[in-house]
Amino acid sequence: MSSGKMTMAAALNQALHHAMAADDKVICIGEDIVGGAGIEGAPPGGGVFGVTQGLAETYGLSRIIDTPISETAFVGMAVGSAMTGLKPVVEIMFNDFIGVCFDQILNQAAKARFLSNGRMNLPLVIRTTMGAGDGSGAMHSASLHGLLASVAGLTVACPSTPADAAGMLKTALKSNGTTVMMEHKQLYGTLGDVDPLLPEVPFGKARTVVEGSDITVVAVAAMAVEAELAAGLLAQSSISAEVIDPRTVKPLDVASIVASVRKTGRLLVVDEGAAFAGFADAVISVVTEQAFGSLATAPRKLCPPDTPVPYAPGAESIWLPTSADIVKAVQDMMEV
Amino acid sequence: MSLNLLKLFEKACFIRAFELEIARQCDAGEVPGLAHLSTGTEVADAALAATLDPTIDKVTGSHRSHGLTLAVGAGHVKVASEILGRVGGLSGGMAGTQHLIAPEAGFLTSNGIVGAQVPLAAGAALTAKTMKTGGVGVAVFGDGAANQGAVLETMNLAVALALPMVFALYNNGVAQTTGAAFASGSDSFTERAASFGLEVFAADSCDIDRFGDALEQAAASARAFKPALIEVSVGRNDGHYYGELQTSTDNKNEGDAIRALKAKLLEDGVDQLACEQAQSEAKNRAHAAVVAALTEPRAGRAQLQHWVSIAEGRA
Numbered sequence: 001m002s003s004g005k006m007t008m009a010a011a012l013n014q015a016l017h018h019a020m021a022a023d024d025k026v027i028c029i030g031e032d033i034v035g036g037a038g039i040e041g042a043p044p045g046g047g048v049f050g051v052t053q054g055l056a057e058t059y060g061l062s063r064i065i066d067t068p069i070s071e072t073a074f075v076g077m078a079v080g081s082a083m084t085g086l087k088p089v090v091e092i093m094f095n096d097f098i099g100v101c102f103d104q105i106l107n108q109a110a111k112a113r114f115l116s117n118g119r120m121n122l123p124l125v126i127r128t129t130m131g132a133g134d135g136s137g138a139m140h141s142a143s144l145h146g147l148l149a150s151v152a153g154l155t156v157a158c159p160s161t162p163a164d165a166a167g168m169l170k171t172a173l174k175s176n177g178t179t180v181m182m183e184h185k186q187l188y189g190t191l192g193d194v195d196p197l198l199p200e201v202p203f204g205k206a207r208t209v210v211e212g213s214d215i216t217v218v219a220v221a222a223m224a225v226e227a228e229l230a231a232g233l234l235a236q237s238s239i240s241a242e243v244i245d246p247r248t249v250k251p252l253d254v255a256s257i258v259a260s261v262r263k264t265g266r267l268l269v270v271d272e273g274a275a276f277a278g279f280a281d282a283v284i285s286v287v288t289e290q291a292f293g294s295l296a297t298a299p300r301k302l303c304p305p306d307t308p309v310p311y312a313p314g315a316e317s318i319w320l321p322t323s324a325d326i327v328k329a330v331q332d333m334m335e336v
Numbered sequence: 337m338s339l340n341l342l343k344l345f346e347k348a349c350f351i352r353a354f355e356l357e358i359a360r361q362c363d364a365g366e367v368p369g370l371a372h373l374s375t376g377t378e379v380a381d382a383a384l385a386a387t388l389d390p391t392i393d394k395v396t397g398s399h400r401s402h403g404l405t406l407a408v409g410a411g412h413v414k415v416a417s418e419i420l421g422r423v424g425g426l427s428g429g430m431a432g433t434q435h436l437i438a439p440e441a442g443f444l445t446s447n448g449i450v451g452a453q454v455p456l457a458a459g460a461a462l463t464a465k466t467m468k469t470g471g472v473g474v475a476v477f478g479d480g481a482a483n484q485g486a487v488l489e490t491m492n493l494a495v496a497l498a499l500p501m502v503f504a505l506y507n508n509g510v511a512q513t514t515g516a517a518f519a520s521g522s523d524s525f526t527e528r529a530a531s532f533g534l535e536v537f538a539a540d541s542c543d544i545d546r547f548g549d550a551l552e553q554a555a556a557s558a559r560a561f562k563p564a565l566i567e568v569s570v571g572r573n574d575g576h577y578y579g580e581l582q583t584s585t586d587n588k589n590e591g592d593a594i595r596a597l598k599a600k601l602l603e604d605g606v607d608q609l610a611c612e613q614a615q616s617e618a619k620n621r622a623h624a625a626v627v628a629a630l631t632e633p634r635a636g637r638a639q640l641q642h643w644v645s646i647a648e649g650r651a
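Chains as they are written, first to last, in the working numbering: chain A, 1 to 336; chain B, 337 to 651.
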């Protein structure tokens, strides 16, 4: 079959359909993922972003489970069901809500395989959204991938294309441990080439988005898209940027990043997450340890200011790194 | 009621003897950190385990779960080894006293976070319902956890989703050093649970007939997808942790459930000698288990390497 264009939301929806058709043990749990529960005549919405559309109609309400607004209870229920043989895909509507149920992730899901000394598998997928850019404000827009990646025992995936999103969801469903799928809200509608078979995408393998020789730009999710745009702009002024999308923040494909930096001698990490002790700092740290001698100039990061995501559109757009910001940062680094 | 009371007594005596052996090892400096002993809950632990079907039912417990882990059938030496931080322990020394886990015995977790084990039991109940096993998920927690959001949310969730789940509330009257009467806004945990729509039962672990009946009714209700809460009065004979003497509930005499069970056995015509023999055999077996555990090497670098391999997805 030939590739076709699909949005990220549609690709994720297809991946869920495939997984649920292939394995009765796959279930989905979350708030409003069917939609309209207990309301006469309400049409099913299939999730706030439509990712779970059509699943209830096909697989029934015993496998697509709408919950009360009780993240601790239903994420914990998902963890317990993974301990006992199901393969739950639990949705936390916005990654900011992780604060509500963090114990069940930090202490229960992440630690169970260690505390059982590997006797217990935990094939749990936590789907959540990340990212600013739509005026949703401080509590529906954060990017907490770095925070989650700092927890031993969690795999953290941040897809930037529809194919990667569907492929990593499939890989997550075959994993023995807990995977957090961070789906960027601004990318749900983005079209991309998708193989209709939705092949799995391995964890810990970066994708080289653009090949280049002057500087390495590392970014995930929406920032990988911005970095690709920036590389196109930089090429017009004869700067050859190599853009690497690690795809999983953890495990991190250190080898690919280090190999690229050894080639280019420069590293810029563009990230929407924390300005301090986040993903960008982690990448700079490991590259500095492993490729210090190859660096022609100090590595840099381009992150938003150390504030919550602003609500006002003018402030939010300045807060977010853009392709123009990336071009300027790269040009500064090339002058050193 | 279908409990075999002599077997129950033997098991409760074993747990008591085991805990006293662990206390001795605490005194000897062989137990890392603090040990929350199950002295006072032995009869509750044994009766709960005897009510369940180990092939289909799953249990989660609190930080105070030595007795429960033994009662559901985890290997005695493995439990002792884990508490002592030895390589032969249930989890090779990673987990320890507060995180005993025995999935092979249907025991999914005991927990260092008060109340966190309760949503996990809802997950076991969801699996049982989805896979139509006929099993139940059982969460054992204390009066302290009864005020945690995780527990209250799960009570509501269990009713909303009609989960086959039992909430087993061990009320020993004290959460660490804070009295249940002080910490709880309402007088009655069962009334609170009933307001969520749970079927509720209350019993005293010193009254085995009524407690056994209540356990059976709670489990039967849960199996019929009507989640239930059973509140049982238990002791906390050795304080919050062994060596913390201020807040032991000091019911080693008339309020002790093992003593009450023995009186009941004698009243039912069981031979005094048979009871004493059961107690003495329990002491011998507990001593042997802990001595065997002490022969295990202490967990160290090799175990750490294994845990790193779990982190890296190699195990």
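There could be a bad hint or two in this list.
Partial list, derived from the structure: chain A residues whose beta carbon lies under 8 Å from chain B [stated by the list, open to error]: (1) Q14; (2) H17; (3) I27; (4) M77; (5) G99; (6) Q108; (7) A112; (8) R113; (9) N117; (10) L233; (11) A235; (12) S237; (13) E316; (14) W319.
Since the hints were derived computationally from the structure, they do not count as laboratory data.
Virtual Cβ for every residue (Gly too), placed ideally from N, Cα, C.
Hints versus structure:
With a cut of 8 Å, the hint placing Q14 of chain A at the interface with chain B is violated, because the nearest CB-to-CB distance is about 23 Å. Proximity of H17 of chain A to chain B is violated relative to the hint, the smallest CB-CB distance being about 18 Å (cut-off 8 Å). Hint status for I27 of chain A: holds, given a least beta-carbon distance of 6 Å to chain B, under 8 Å. The closest approach between the C-beta of M77 of chain A and any C-beta of chain B is roughly 4 Å, which is under the 8 Å cut-off, so the hint is satisfied.
Using the Cβ-Cβ criterion of 8 Å, the hint placing G99 of chain A at the interface with chain B is not satisfied: the shortest such distance is roughly 13 Å. Checking Q108 of chain A against chain B: minimum C-beta separation of about 6 Å stays under 8 Å; hint holds. Restraint check, A112 of chain A versus chain B: the minimum CB separation of about 7 Å is within 8 Å; hint holds. Interface restraint check: R113 of chain A against chain B, minimum CB-CB distance 6 Å, threshold 8 Å, status holds.
About 4 Å separates the beta-carbon of N117 of chain A from the nearest beta-carbon of chain B, less than 8 Å, and the hint is met. A hinted interface residue such as L233 of chain A counts as satisfied when its beta carbon comes closer than 8 Å to some beta carbon of chain B; here the least separation is about 38 Å, so the hint is violated. Checking A235 of chain A against chain B by beta carbon gives a least distance of about 37 Å; that is not within 8 Å, so the hint is violated. The closest approach between the C-beta of S237 of chain A and any C-beta of chain B is roughly 42 Å, which is over the 8 Å cut-off, so the hint fails.
With 8 Å as the threshold, the beta carbon of E316 of chain A stays out of range of chain B, its nearest partner Cβ sitting at about 32 Å, so the hint is violated. Hint status for W319 of chain A relative to chain B: violated, with the closest Cβ pair at about 32 Å, above 8 Å.
In summary, the structure is inconsistent with hints 1, 2, 5, 10, 11, 12, 13, 14 from the numbered list given earlier, while agreeing with the others.
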